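Please model the complete structure; the sequences and the hints are all you need to start from.
The residues making up each chain are set out below.
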Amino acid sequence: MSRTSNTLIIGKVLEHYEKCSSTNFVAKQILAKSTPPDGMVVSTDNQTEGRGQYGNQWQSEAYQNLAFSVILYPRILISEQFYLSKIASIACVEALNSITNLDFQIKWPNDIYFKNKKVGGLLIENQIIGEQIGNSVVGIGINLNQEKFEGLPQASSIYLLVRYLLNRKKCLEIILEHLDVWYLKLKQGKFQTIDQAYYSYLMGFQEIITYMENGTKKTGKLKGVNQTGQLLVEENGQHRQFDFKTIEWVFSL
Amino acid sequence: MNNKEIHELVKLINETDLAEFKMSKGDFSVTIRSKDYFNGKAQPMAPIMPVASAPAPAAPQANTPVQETPAAVVSEEVSSDTENANHVVFKSPMVGTFYRKPSPDKDVFVKVGDTVSKGDVLAIIEAMKLFNEIESEVSGTIVKILVDDQTPVEYDQPLFLIDPA
Numbered sequence: 103m104s105r106t107s108n109t110l111i112i113g114k115v116l117e118h119y120e121k122c123s124s125t126n127f128v129a130k131q132i133l134a135k136s137t138p139p140d141g142m143v144v145s146t147d148n149q150t151e152g153r154g155q156y157g158n159q160w161q162s163e164a165y166q167n168l169a170f171s172v173i174l175y176p177r178i179l180i181s182e183q184f185y186l187s188k189i190a191s192i193a194c195v196e197a198l199n200s201i202t203n204l205d206f207q208i209k210w211p212n213d214i215y216f217k218n219k220k221v222g223g224l225l226i227e228n229q230i231i232g233e234q235i236g237n238s239v240v241g242i243g244i245n246l247n248q249e250k251f252e253g254l255p256q257a258s259s260i261y262l263l264v265r266y267l268l269n270r271k272k273c274l275e276i277i278l279e280h281l282d283v284w285y286l287k288l289k290q291g292k293f294q295t296i297d298q299a300y301y302s303y304l305m306g307f308q309e310i311i312t313y314m315e316n317g318t319k320k321t322g323k324l325k326g327v328n329q330t331g332q333l334l335v336e337e338n339g340q341h342r343q344f345d346f347k348t349i350e351w352v353f354s355l
Numbered sequence: 202m203n204n205k206e207i208h209e210l211v212k213l214i215n216e217t218d219l220a221e222f223k224m225s226k227g228d229f230s231v232t233i234r235s236k237d238y239f240n241g242k243a244q245p246m247a248p249i250m251p252v253a254s255a256p257a258p259a260a261p262q263a264n265t266p267v268q269e270t271p272a273a274v275v276s277e278e279v280s281s282d283t284e285n286a287n288h289v290v291f292k293s294p295m296v297g298t299f300y301r302k303p304s305p306d307k308d309v310f311v312k313v314g315d316t317v318s319k320g321d322v323l324a325i326i327e328a329m330k331l332f333n334e335i336e337s338e339v340s341g342t343i344v345k346i347l348v349d350d351q352t353p354v355e356y357d358q359p360l361f362l363i364d365p366a
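If you're matching them up, the sequences are chains A and B in order. At position 39 of the first sequence the residue is numbered 141 (my numbering), and the sequence of numbers has no breaks. At position 140 of the second sequence the residue is numbered 341 (my numbering), and the sequence of numbers has no breaks.
No lab work stands behind these hints, which were simulated from the structure alone. Be aware that one or more of the hints could be misleading.
Each computed DSBU-like pair below joins lysine-lysine, with the alpha-carbon atoms no more than 35 Å apart [as the list claims (entries may be wrong)]:
#1 A/K287 <-> B/K319
#2 A/K325 <-> B/K292
#3 A/K289 <-> A/K209
#4 B/K302 <-> A/K287
Computed from a predicted model, the values in this text were never measured in an experiment.
Structure, rendered in structure tokens:
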């Protein structure tokens, strides 16, 4: 156990595991057995069964990257849940930008990119109690020092972008500090401030993007994200909203 | 019931027009569905045997021996589904995709006949890659699961029928 000093809520309690199946899984086990403090962090050097969304594997070499989960009690409505994704991705992008001086972006709905290279992702698991989010486990994976990504042409790491090795503990601290700031804004209900920051980092915002819908290549202007997290696109003067399952982003980079 | 007996049962049901067969005995329960069930071809079944004021369908009935003839069990379920007003309808609190398993390689959270306590996870509903565990608001027995795994659900759409304990 250790603690992060420069935060108010996030990382005041931090449990680190040399090895575990997935930090989200461990965090959920902790939640099932006890009432951990708001902002508790579970991190690991070696995540053996890291996951992307529903069953997708997240490849990560031991001792090279960041894999951690943050337990939150956001007390927001179910309809506001995408704000959890927003604050976590804003925190990651701001932290990585300050570490590297590069411009990282959020690729909707839950990935962290530099240009067309993916360096990280989120996996958020909530527990619904009535009409509210009771607790949330925000899982974050960032590729820091990994050099090779077999068969994943779009995957990359911070090291591959800046060509120096990064101090993992320090990077984790910086991300947690940024998350602390944005989690407080969420708790204060500053949704507009969060939206502004989110759009400033959202890849393709107010730009013409290319995407596939039902096997057809289309273009449209990315107008934003609605409250439930759907992507808003203006297609031939028509306003449309997309679920991530019905739209596949095509990189024009 | 062992594997061989289940195998026999599947064979037996295949020879009939039954779309779905459910049976429970003590803490054991089995559900067998034919192709017709998923094709939606199945005709609503009229009770074959008259059932005198059927009790809650899949609720464990420790003292009452459950008849093992398919017709009897099916008719019992049909009649009680429509008659039992005490059942609690658990509705979707949000729009999303309904998942019955924590991940594709794991077992389902709950199946028909399972006893659940208040706070037990019934399913996951995912929206924009946020995964939401949905908890039961009552203790009781799962009578019916009204939505197929990995299908879209609307706000307030009935998901489970629960017989409260």
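Now the hints, each set against the structure:
1. A distance of roughly 33 Å separates the Cα atoms of A/K287 and B/K319; the hinted pair therefore holds under the 35 Å criterion.
2. Taken as a hint, the A/K325 and B/K292 pair is honoured in the structure, with Cα atoms around 32 Å apart against an allowance of 35 Å.
3. Distance hint between A/K289 and A/K209 is fulfilled; the C-alpha atoms sit about 24 Å from each other, no more than 35 Å.
4. Under the criterion of a C-alpha separation no larger than 35 Å, the hint pairing B/K302 with A/K287 is consistent with the structure, at around 34 Å.
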